[in-house]
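Chemist: Here is what each chain is made of, one letter per residue.
Protein chains: 2
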Amino acid sequence: MQRAPARPGDPVDAVETPALVLDLDVFERNLDTLAHAVAARGLRLRPHAKSHKTPAIAHAQLARGAVGVCCQKVDEAAAFVEAGIADVLVTNEVVAPSKLARLAALARQARIGVLVDDAHAIASLAQAAAHAGVTIDAYVEVDVGAGRCGVPPGEPALELATAIEAHDGLRFAGLHCYQGAAQHLRSPDERRDAIAAAAERTRRTRAIVEGAGIAVPIVTGAGTGTWEHEAASGVWNELQAGSYAFMDVDYARNTPGAAELRFGHSLFVLAAVMSVPVSDKAICDAGLKAFSFDSGPPLVHGRGDLVYRKASDEHGVLELAAGAARPALGERVWLVPGHCDPTVNLYDWVVAFRGDRVEHVWPVAARGAVG
Amino acid sequence: MQRAPARPGDPVDAVETPALVLDLDVFERNLDTLAHAVAARGLRLRPHAKSHKTPAIAHAQLARGAVGVCCQKVDEAAAFVEAGIADVLVTNEVVAPSKLARLAALARQARIGVLVDDAHAIASLAQAAAHAGVTIDAYVEVDVGAGRCGVPPGEPALELATAIEAHDGLRFAGLHCYQGAAQHLRSPDERRDAIAAAAERTRRTRAIVEGAGIAVPIVTGAGTGTWEHEAASGVWNELQAGSYAFMDVDYARNTPGAAELRFGHSLFVLAAVMSVPVSDKAICDAGLKAFSFDSGPPLVHGRGDLVYRKASDEHGVLELAAGAARPALGERVWLVPGHCDPTVNLYDWVVAFRGDRVEHVWPVAARGAVG
Numbered sequence: 000m001q002r003a004p005a006r007p008g009d010p011v012d013a014v015e016t017p018a019l020v021l022d023l024d025v026f027e028r029n030l031d032t033l034a035h036a037v038a039a040r041g042l043r044l045r046p047h048a049k050s051h052k053t054p055a056i057a058h059a060q061l062a063r064g065a066v067g068v069c070c071q072k073v074d075e076a077a078a079f080v081e082a083g084i085a086d087v088l089v090t091n092e093v094v095a096p097s098k099l100a101r102l103a104a105l106a107r108q109a110r111i112g113v114l115v116d117d118a119h120a121i122a123s124l125a126q127a128a129a130h131a132g133v134t135i136d137a138y139v140e141v142d143v144g145a146g147r148c149g150v151p152p153g154e155p156a157l158e159l160a161t162a163i164e165a166h167d168g169l170r171f172a173g174l175h176c177y178q179g180a181a182q183h184l185r186s187p188d189e190r191r192d193a194i195a196a197a198a199e200r201t202r203r204t205r206a207i208v209e210g211a212g213i214a215v216p217i218v219t220g221a222g223t224g225t226w227e228h229e230a231a232s233g234v235w236n237e238l239q240a241g242s243y244a245f246m247d248v249d250y251a252r253n254t255p256g257a258a259e260l261r262f263g264h265s266l267f268v269l270a271a272v273m274s275v276p277v278s279d280k281a282i283c284d285a286g287l288k289a290f291s292f293d294s295g296p297p298l299v300h301g302r303g304d305l306v307y308r309k310a311s312d313e314h315g316v317l318e319l320a321a322g323a324a325r326p327a328l329g330e331r332v333w334l335v336p337g338h339c340d341p342t343v344n345l346y347d348w349v350v351a352f353r354g355d356r357v358e359h360v361w362p363v364a365a366r367g368a369v370g
Numbered sequence: 000m001q002r003a004p005a006r007p008g009d010p011v012d013a014v015e016t017p018a019l020v021l022d023l024d025v026f027e028r029n030l031d032t033l034a035h036a037v038a039a040r041g042l043r044l045r046p047h048a049k050s051h052k053t054p055a056i057a058h059a060q061l062a063r064g065a066v067g068v069c070c071q072k073v074d075e076a077a078a079f080v081e082a083g084i085a086d087v088l089v090t091n092e093v094v095a096p097s098k099l100a101r102l103a104a105l106a107r108q109a110r111i112g113v114l115v116d117d118a119h120a121i122a123s124l125a126q127a128a129a130h131a132g133v134t135i136d137a138y139v140e141v142d143v144g145a146g147r148c149g150v151p152p153g154e155p156a157l158e159l160a161t162a163i164e165a166h167d168g169l170r171f172a173g174l175h176c177y178q179g180a181a182q183h184l185r186s187p188d189e190r191r192d193a194i195a196a197a198a199e200r201t202r203r204t205r206a207i208v209e210g211a212g213i214a215v216p217i218v219t220g221a222g223t224g225t226w227e228h229e230a231a232s233g234v235w236n237e238l239q240a241g242s243y244a245f246m247d248v249d250y251a252r253n254t255p256g257a258a259e260l261r262f263g264h265s266l267f268v269l270a271a272v273m274s275v276p277v278s279d280k281a282i283c284d285a286g287l288k289a290f291s292f293d294s295g296p297p298l299v300h301g302r303g304d305l306v307y308r309k310a311s312d313e314h315g316v317l318e319l320a321a322g323a324a325r326p327a328l329g330e331r332v333w334l335v336p337g338h339c340d341p342t343v344n345l346y347d348w349v350v351a352f353r354g355d356r357v358e359h360v361w362p363v364a365a366r367g368a369v370g
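Protein sequences appear in the order of chains A and B. Each step along the first sequence adds one to the number in numbering that gives the first Met the number 0, with nothing skipped, and position 322 is 321. Each step along the second sequence adds one to the number in numbering that gives the first Met the number 0, with nothing skipped, and position 358 is 357.
You may find that some hints are simply not true.
Computed Cβ-Cβ distance ranges for the label pairs, DEER-style [as the list claims (entries may be wrong)]: (1) B:D279 / A:A211: 26 to 32 Å; (2) A:E81 / B:P255: 44 to 50 Å; (3) B:R202 / A:A327: 31 to 37 Å; (4) A:A55 / B:R203: 53 to 59 Å; (5) A:A55 / B:A82: 28 to 34 Å; (6) A:A180 / B:R2: 29 to 35 Å; (7) B:P255 / A:A196: 48 to 54 Å; (8) A:K309 / B:P151: 15 to 21 Å.
Over 12 Å on every C-beta distance to chain B, these chain A residues come out as not near it, computed from the model [to be verified]: (9) G8; (10) T32; (11) A129.
No lab work stands behind these hints: they were computed from the structure. Quick caveat: nothing in here was measured; it's all calculated off a predicted structure. By construction, the Cβ of each residue, glycine as well, lies at the ideal position given by its N, Cα and C atoms.
Let the hints inform the model, and build the full structure from the sequences given.
Modeler: Below, the structure written as structure tokens:
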């Protein structure tokens, strides 16, 4: 773990670069906006903590009514349980016996859920639960259009729900129906149509499971790009958005629907210019190890005349528009990450500020928790 | 810092996934190959530690004759000095006063070098050295074709060398002439031509500086893609290759010249299949947080019938060729990173194995050292 780039009380101008920084005013507004909207619809919010990996942020979400958090990995779940989060859903398949044992051990301290999409995996999960003397919430993952994990809609989900019900240490908690591929469809109509199709598959699956006499307490899914459609469908009763807290360049590329709620950019990488060798560019200290580039380069915030053009490991080349004032050596540049989740995973600390003052320096406790 | 995914003595089969794993036989062969070749040419090798960020690997390079290491950031340098490396060159500009103070403090424990490409920055560096009561090696960075940092060849470099000589706490150590843009040119002729042009600019600059009566002890540069050209030029006397220790998919895309030495893939991400929902694909547990995708997806090692097709945060979709045997749930997959440097930066540990047994589990001490 690296040295923190700032201390609470520091002026923002003194934060060492590059640093992951969070504008608390915008962040809290994002949290409030979604919390109110979900509560008004009578639904549960279980924000995805893979976006932030930061217990302090999870607690801020819980304080606004979230029922718990989602994680993607057992080690992430461990970090949040250790930080006192009492209800964690691992929205992923876990199959290695060593990981199942660790997951089951967590269920002694917290309510733990996990996904299954395979009958053998259910047997292994049940064995781990029995060995630890705990009960685990098992959700059947259904592929409702993303084409990634999950059984096909309908009968295959019923088969797995039935298999879960046969084990003492497992509780069939419901269906996990996440249309991840719909989140970044650019037009509101495409997103609406993708979720309408997913809703139809989900509704049919739920009817088949319930028709066999098995209750489906929770139908969970949705993300920042589509949550209003899942919320309006009457099918999902729990929403998993995560990126809404930060917003990144790629989500901002979605064209919002007329009635859709908006979230603001709260998360930045604060960088500094370290070389100004020629007149039409400036080189900053944040490159491939300061951002994930899977969804493209960062956006220069508040400087429409600067474009982050290319990156090497620890350099970012900023191109100046014609007539733009070249930043001075040492000048700060605010950069919005292309994709927040894997960018956050590069940092040990998030520096949370309000106005011109650092308020908190939070450890990104689940950084690197890939296991 | 996360839990280590293995312990020394463990069978490789027991390493938890995903993990960064290093095949020591191939790795040591890579280290020996370059060390012998550079020694045979009477040159200095200062491997770039930004690739591995791991003190144990730096020590293995020094044991084979390396004169020291390169780093990109002050915090990286701090991690290597703390681990007992006595000679560290930061191949980058450093301008923030707080960073200059930390850099100067390191020079009390080790020989420290850094690049300059600006007269004001030289004054700040000299001030930090004077304040700490140390002497720092200052290298003038010359842009020999990469178009990133560095002054233009010729007179501008002489001006900075003269400015360095005027300060007691600075030692003009030489010229930093790295043609980074040439490293991944695909054909051997393109790489040769790019380095020939860089050599001409470097030679001319050195002659101008020496012509003014200033000695140029070191001309440093080169990378894994071109080092044989710099070595043969008679201009450079110190080489900085780093990726040669690991090799990644992107370097393997370079067409080697007939006489060029080759390095083998020693670094992998060991992943496991966690979902096999349909017959033509398998989903593994290593995605955007297990690899950097800036140079494309990883390559499946030893399985020509599997292609790593797409990634989300913690999922990798493996596509099966027609007739390929689908991996079983839990099966291990060996993946060669697209780009080793930013991939290593995701992990807290590198698991070094020989044959089927883990030999070391090394902390990636400079992981996340962006400051």
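Chemist: For A55 (chain A) and A82 (chain B), compare the CB-CB distance with the range 28 to 34 Å and indicate the outcome.
Modeler: Cβ of A55 (chain A) to Cβ of A82 (chain B): about 31 Å, so the range 28 to 34 Å holds.
Chemist: Since G8 (chain A) was said not to touch the interface, does its Cβ keep a gap of more than 12 Å from each Cβ of chain B?
Modeler: Nearest chain B Cβ is 16 Å from G8 (chain A), so the label holds.
Chemist: Check the following: the C-beta atoms of E81 (chain A) and P255 (chain B) are separated by a distance inside 44 to 50 Å.
Modeler: holds, 49 Å
Chemist: Looking at A129 (chain A) again, its CB stays over 12 Å from all of chain B?
Modeler: Non-interface label on A129 (chain A) holds, nearest chain B Cβ at 20 Å vs cutoff 12 Å.
Chemist: Can we trust that T32 (chain A) is non-interface, i.e. its beta-carbon lies farther than 12 Å from all of chain B?
Modeler: Label holds. Min Cβ-Cβ 23 Å, cutoff 12 Å.
Chemist: Is it true that R202 (chain B) and A327 (chain A) lie within 31 to 37 Å of each other by Cβ?
Modeler: With Cβ atoms ~33 Å apart, the hint holds.
Chemist: Assuming the hint says 26 to 32 Å, is it satisfied by the Cβ distance from D279 (chain B) to A211 (chain A) or not?
Modeler: Roughly 30 Å apart at Cβ, these two residues keep to the hinted range, so it holds.
Chemist: Is 15 to 21 Å respected by the C-beta to C-beta distance linking K309 (chain A) and P151 (chain B)?
Modeler: At roughly 20 Å between Cβ atoms, P151 (chain B) and K309 (chain A) fall inside 15 to 21 Å, so the hint holds.
Chemist: Cβ-Cβ distance between A55 (chain A) and R203 (chain B): within 53 to 59 Å?
Modeler: holds, 56 Å
Chemist: Starting from the range 29 to 35 Å, see whether the pair A180 (chain A) and R2 (chain B) falls in it by beta-carbon distance.
Modeler: Holds: the Cβ-Cβ distance is about 32 Å, inside 29 to 35 Å.
Chemist: Could one say that the CB atoms of P255 (chain B) and A196 (chain A) fall in the range 48 to 54 Å?
Modeler: Between P255 (chain B) and A196 (chain A), where Cβ atoms are some 49 Å apart, the hint holds.
Going down the numbered hints, you'll see the structure goes against none, and every one checks out.
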